[in-house]
Amino acid sequence: AQSVTQPDARVTVSEGASLQLRCKYSYSGTPYLFWYVQYPRQGLQLLLKYYSGDPVVQGVNGFEAEFSKSNSSFHLRKASVHWSDSAVYFCVLSTGNYKYVFGAGTRLKVIA
Amino acid sequence: ETAVFQTPNYHVTQVGNEVSFNCKQTLGHDTMYWYKQDSKKLLKIMFSYNNKQLIVNETVPRRFSPQSSDKAHLNLRIKSVEPEDSAVYLCASSHGGNQDTQYFGPGTRLLVL
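As you go down the protein sequences, you meet chains Y and E in turn.
All residue numbers for the first sequence refer to this note's numbering, where the first residue is 2 and numbers rise by one.
All residue numbers for the second sequence refer to this note's numbering, where the first residue is 118 and numbers rise by one.
Bound-form chain Y, shown alone (with noise of 0.2 Å):
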């Protein structure tokens, strides 16, 4: 069965700091990837998504992920933070067929 998994519920960075938020999916076909952030009270908006080819993408406001085949992965990454990037960010796997898959998402905590 597809899943997705964000080992860590709840990250705190300093402001200015860089940040890596993990991601790991398990599906044997070709998997569609993509990262949404979700700020309070609102509904998810998508940062990038990975289809094929380099598999370093670059999404909205700084934000990159990479993808790895190998260690079936899709960390989501940024060289430094602003305290508006807390936020509760989800990694998302499409398996076709209309059916996408969510992590648990990862609540980002920016501090001063």
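Mixed in with the good hints, there may be bad ones.
[Unchecked claim] Computed footprint of chain Y on chain E, listed as stretches where at least three residues anywhere in the stretch have a Cβ under 8 Å from a Cβ of chain Y:
#, segment
1, 179 to 189
2, 207 to 218
[What the hints assert, rightly or not] Sample of chain E residues at the chain Y side, in silico, Cβ under 7 Å:
#, residue
3, Val173
4, Gly222
5, Gly224
The hints are simulated quantities; they were obtained by calculation from the structure and are not laboratory data.
Idealized CB from N, CA, C, for every residue including glycine.
On the provided structure of chain Y, position chain E as indicated by the hints.
Just chain E now, kept in the frame of chain Y:
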């Protein structure tokens, strides 16, 4: 800019009542979804519709029923709410359903007393 609209924002009701949530998308997408997000932020898909046809119907209680009048609208009715239905219900749309980006509405927060 919001392109997936949900009403109401918030609804409080009592056990056993019927509620209905509305969702409209102005993106011209063919596929719409309903998700349930619990208090721990876990997201579970409930239904997927493509061109007004039900495509995915995950294991949800029978008191939940989606209703689609056209491909821009997908409403959700809960016939007799239970306390465990308290959650945020998120509507989303996508161009197709295979690996396409989903666009989410702001959600409807339901509280069942």
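Results for each hint:
1. 179 to 189: Since 0 is below three, the answer is violated.
2. 207 to 218: holds (count 7)
3. Val173: 5 Å, holds
4. Gly222: 5 Å, holds
5. Gly224: With a minimum Cβ separation of about 6 Å from chain Y (threshold 7 Å), the hint on E/Gly224 holds.
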